[in-house]
Amino acid sequence: MNDLSPFPATTGGSAPVQGSTTPTGVQSTAELRRRRWIVVALNVVTWFLLNSAAWSVLGTGGWTLVDIVLALAFAIATPWTVLGFWNALLGLWLLHRDDRAMAEVAPFAVAGDLPTPLTIRTAVFMTLRNEDPERAIGRLAIVKDSIDATGEGSQFDYFILSDTNRPDIAEREEKAAAAFAAAAGQGRVVYRRRTDNAGFKAGNVRDFLDRWGSRYELMLPLDADSLMAGATIVKHVRMMQAHPKLGILQSLVVGMPSSSAFARIFQFGMRQGMRAYTMGQAWWVGDCGPFWGHNALVRIRPFMEDCHLPLLSGDPPLGGHILSHDQVEATFMRRAGYEVRVLPVEEGSWEENPPTILEFSRRDVRWCQGNMQYVKLLDQPGLKPISRFQLVWAILMFVGVPAWTLMITLSPFLAWHGPSREAFPVAFAATVYVIFFLMYLMPKIAGFADILISAGGTARYGGRLRFLVAAATELVFSFLLGALTSFRITVFMIGLAFGKSVVWGGQQRDAMALTWREAWDAFWPQMAFGWVIFGLLWAASPAAALWSLPLTAGFLIAVPFAVFTASPRLGRLFVATRFCGIPEEFAMPDEIARARAS
Numbered sequence: 001m002n003d004l005s006p007f008p009a010t011t012g013g014s015a016p017v018q019g020s021t022t023p024t025g026v027q028s029t030a031e032l033r034r035r036r037w038i039v040v041a042l043n044v045v046t047w048f049l050l051n052s053a054a055w056s057v058l059g060t061g062g063w064t065l066v067d068i069v070l071a072l073a074f075a076i077a078t079p080w081t082v083l084g085f086w087n088a089l090l091g092l093w094l095l096h097r098d099d100r101a102m103a104e105v106a107p108f109a110v111a112g113d114l115p116t117p118l119t120i121r122t123a124v125f126m127t128l129r130n131e132d133p134e135r136a137i138g139r140l141a142i143v144k145d146s147i148d149a150t151g152e153g154s155q156f157d158y159f160i161l162s163d164t165n166r167p168d169i170a171e172r173e174e175k176a177a178a179a180f181a182a183a184a185g186q187g188r189v190v191y192r193r194r195t196d197n198a199g200f201k202a203g204n205v206r207d208f209l210d211r212w213g214s215r216y217e218l219m220l221p222l223d224a225d226s227l228m229a230g231a232t233i234v235k236h237v238r239m240m241q242a243h244p245k246l247g248i249l250q251s252l253v254v255g256m257p258s259s260s261a262f263a264r265i266f267q268f269g270m271r272q273g274m275r276a277y278t279m280g281q282a283w284w285v286g287d288c289g290p291f292w293g294h295n296a297l298v299r300i301r302p303f304m305e306d307c308h309l310p311l312l313s314g315d316p317p318l319g320g321h322i323l324s325h326d327q328v329e330a331t332f333m334r335r336a337g338y339e340v341r342v343l344p345v346e347e348g349s350w351e352e353n354p355p356t357i358l359e360f361s362r363r364d365v366r367w368c369q370g371n372m373q374y375v376k377l378l379d380q381p382g383l384k385p386i387s388r389f390q391l392v393w394a395i396l397m398f399v400g401v402p403a404w405t406l407m408i409t410l411s412p413f414l415a416w417h418g419p420s421r422e423a424f425p426v427a428f429a430a431t432v433y434v435i436f437f438l439m440y441l442m443p444k445i446a447g448f449a450d451i452l453i454s455a456g457g458t459a460r461y462g463g464r465l466r467f468l469v470a471a472a473t474e475l476v477f478s479f480l481l482g483a484l485t486s487f488r489i490t491v492f493m494i495g496l497a498f499g500k501s502v503v504w505g506g507q508q509r510d511a512m513a514l515t516w517r518e519a520w521d522a523f524w525p526q527m528a529f530g531w532v533i534f535g536l537l538w539a540a541s542p543a544a545a546l547w548s549l550p551l552t553a554g555f556l557i558a559v560p561f562a563v564f565t566a567s568p569r570l571g572r573l574f575v576a577t578r579f580c581g582i583p584e585e586f587a588m589p590d591e592i593a594r595a596r597a598s
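At position 382 of the sequence shown (counting the first as 1) the number is 382 in this note's numbering, and the numbers step up by one without a gap.
Simulated from the structure, these hints should not be mistaken for lab results.
Accuracy of the hints is not assured; some may be wrong.
BS3-like cross-link-like pairs, simulated, lysine-lysine; straight-line CA separation at most 30 Å [claimed, not checked]: (1) Lys245 - Lys376; (2) Lys384 - Lys245; (3) Lys376 - Lys500.
Turn these sequences into a full structure, and let the hints steer you where they fit.
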């Protein structure tokens, strides 16, 4: 399937579906149930087979307490891998099955290609907190100009919603907002800064709704690093206009060209892992899709009336205001009778990724605390089963991390006190080990395969050889990164149990260097942990130590990994050679070109 033409040509809107349908009327609920039962069966059977194989290996020579703990940890850690495996395989199959597959996944989307004038009004807003104001507001101006170029600009207004509490940044914000408002024309731009951060970002948005929400049908939230093409926004508004029961429409948000080596490698892999995975997920999630909180259209009235976030009982970190609010709002929107849909298409929606492992880790722990709060929301009345599953899944995303760390911690004990070499099923254990890692990597593998077998796919990445070398680099990078982030998340989750909480503020978005001292202060515990584990494994069995490297190498080189991937010199080399370049770097859209020039 052509990546640039994801939907078959059409001359009309979505055809009505016979029988019971989702609220928009374009998809059969019976068909969605069938798909969901298929996915449940595939995942349960695969999880059981994978764990049975692991238990067979662990139980060789009899069960010990360590074996039992390892088996339980593996059982907790593997569901995320299994679902990712099947989502990616389903997505790859759908992307290359036939021209009808995408329409089956997103039947509402054909309305976006019709030349229908917009009759509903949309508020485009950007939330800020101690960000670089000229950079952020400059991007909002690019979005406005791009929308105006479509001829539909009169249906959009713009809001800058600030929670900034640093006076120096606030002063710059006011000046940048005033300049933007003057250029946009009277009444098109509103700047508002709150004097406190009550409710965090969700509270910021709620304040906007209380003041101005009744004036608009839709809102488009943007983060400080967001950028969208006007043609994409207008197309998505047409879909929402054609389907009044479409409550949230989220498309794929991909990384922008970056001068940071870390960000370039990360977003190259993320780009491949997202499309097939999200395509497969959308096939069975259907009307209970995800919401990532930005670069998505939201219907205001049901959001105002039915998506108000509760104040969680107890004290922080798990009580109080909900930090990761977006997926909760998605479940509430579906409960209110509106569909939440993801459009698995890479088209005109971008963001920036953290430039260093340090910034990446900080973002991860913010998400971790927010997702763990979902434990207190599982008993919310009226949620759809799939919506409730989405909350459970967000929790398991992080619960599985300390389970992996525990397994790595106990691996030397297994090497020292396990069964004799003669009794141990070395070949079978190695097979299980390899199969698991193939499953773990399947979202990336499926994404790479999608590009390789698509007509002109690798050409969009600068050619086949360049693409393959970048793909191999990213696979190694993902193992090294996974080790570092898993340790940080594990330590943070232990801290959560003792009341430790994150501090929310502005994010570092520009490429930056990390000194050896900064990297040492941040990552020496990971290195110490890794060398102790690897040393104990080597003393027991050099072969076991070598087999552990996919899991332990990231610990062993944590500090140099952090320093080198943040190196401005390496970043400049990557930019000059376009290494790990993404399609927008080889055929740059006007919006990105303007953002880079500003």
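To see whether the hints hold, each was checked on the structure:
At most 30 Å may separate the alpha-carbon atoms for a hinted pair to count; Lys245 and Lys376 meet this at roughly 28 Å. A C-alpha spacing of about 16 Å is found between Lys384 and Lys245, which places the hinted pair at or below 30 Å, so the restraint holds. With a C-alpha separation of about 18 Å, the suggested pairing of Lys376 with Lys500 holds against the 30 Å cut-off.
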